[in-house]
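Undergrad: Sequence:
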Amino acid sequence: MGIEVEGELDGAPLLAMDFERLVEGRPGHLHGGATSGLLETAGYAALGARLNEDDRYPRLKPINITVQFLSAGKPKRTYALGRITRLGRRNANLTVEAWQDDRSRPIASAVMNILMVDPD
1 MGIEVEGELD GAPLLAMDFE RLVEGRPGHL HGGATSGLLE TAGYAALGAR LNEDDRYPRL
61 KPINITVQFL SAGKPKRTYA LGRITRLGRR NANLTVEAWQ DDRSRPIASA VMNILMVDPD
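Under the working numbering, the sequence shown has 101 at position 101, and the numbering climbs by one with no breaks.
To be clear, the hints were calculated from the coordinates, so they are not data collected in a lab.
For every residue, glycine included, the Cβ atom is placed at its ideal position computed from N, Cα and C.
Be aware that a few hints might be false.
Straight-line alpha carbon distances no greater than 20 Å define the calculated EDC-like cross-link-like pairs of lysine to aspartate or glutamate that follow [stated by the list, open to error]:
hint, residue 1, residue 2
1, Lys61, Asp101
2, Lys74, Glu53
3, Lys61, Glu6
4, Lys74, Glu4
5, Lys61, Glu24
6, Lys74, Asp120
7, Lys76, Glu4
8, Lys76, Asp120
9, Lys76, Asp54
10, Lys74, Asp102
11, Lys61, Asp102
12, Lys74, Asp118
13, Lys61, Glu20
14, Lys76, Asp118
The following label-pair restraints were derived from C-beta to C-beta distances [claimed, not checked]:
hint, residue 1, residue 2, range
15, Gly2, Gly88, 16 to 24 Å
16, Ala72, Leu9, 33 to 41 Å
17, Asn52, Gly28, 36 to 44 Å
18, Leu87, Gly2, 28 to 36 Å
19, Leu115, Ser36, 15 to 23 Å
20, Leu22, Arg89, 21 to 29 Å
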């Protein structure tokens, strides 16, 4: 899908994805599955970065991921950023937003609940 880390924002990796035929749904619009994939990847990137800082390397298992589509994605670069709302010993809760031109006008958001299992 061409997802890449564009930099860091608010202490978390900022992910970006360019519009191309691979991520097109109905003509001229971003596919909902591509948007969901970008949101999920941004959530895992934010959690992974934080866990690396804490020198923790658990296996991550999704409990629940809920995506809300707020407006149609246009044929342009899309950004996503995850934010950890709670980080416990075994569970993490995150919120993720995706936007195109204006961060204050997200095109989609997600809530993620992740189980963290010790690798042993």
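Undergrad: Are the hints correct? Go through all of them and say.
TA: Verification of the supplied hints:
The suggested pairing of Lys61 with Asp101 is violated, with an alpha-carbon distance near 32 Å, which exceeds 20 Å. Only pairs whose Cα atoms come within 20 Å are accepted, and Lys74 paired with Glu53 is rejected, the gap being roughly 35 Å. Among the hinted pairs, Lys61 with Glu6 is inconsistent with the structure: their alpha-carbon atoms are about 25 Å apart, more than 20 Å. Taken as a hint, the Lys74 and Glu4 pair is honoured in the structure, with Cα atoms around 18 Å apart against an allowance of 20 Å.
For the suggested pair Lys61 and Glu24, the alpha carbons sit about 28 Å apart, so the restraint of at most 20 Å is broken. Between Lys74 and Asp120 the CA atoms are separated by roughly 44 Å; this puts the pair beyond 20 Å, and the hint is violated. The suggested pairing of Lys76 with Glu4 holds, with an alpha-carbon distance near 15 Å, which does not exceed 20 Å. In summary, the hint linking Lys76 to Asp120 is not supported, as the alpha carbons are separated by about 43 Å, beyond the 20 Å threshold.
For the proposed pair Lys76 and Asp54, the alpha carbon gap of about 35 Å is over 20 Å, so the pair is violated. Proximity of Lys74 to Asp102 is assessed by CA-CA distance (about 13 Å); at most 20 Å being required, the pair is judged to hold. The suggested pairing of Lys61 with Asp102 is violated, with an alpha-carbon distance near 31 Å, which exceeds 20 Å. Proximity of Lys74 to Asp118 is assessed by CA-CA distance (about 40 Å); at most 20 Å being required, the pair is judged violated.
For the suggested pair Lys61 and Glu20, the alpha carbons sit about 30 Å apart, so the restraint of at most 20 Å is broken. Using a Cα cut-off of 20 Å, the hinted pair Lys76 and Asp118 is violated, with the two alpha carbons roughly 39 Å apart. Range check, Gly2 to Gly88: about 33 Å between beta-carbon atoms, so the 16 to 24 Å window is missed. A C-beta distance of roughly 24 Å is found between Ala72 and Leu9, which places it outside the suggested range of 33 to 41 Å.
The supplied range of 36 to 44 Å is met by Asn52 and Gly28, whose beta-carbon atoms lie about 38 Å from each other. Against the hinted window of 28 to 36 Å, the Cβ-Cβ separation of Leu87 and Gly2 comes to about 29 Å, which satisfies the hint. At about 19 Å, the CB distance of Leu115 to Ser36 agrees with the hint of 15 to 23 Å. Distance hint for Leu22 and Arg89: a CB-CB separation of about 39 Å, inconsistent with the stated range 21 to 29 Å.
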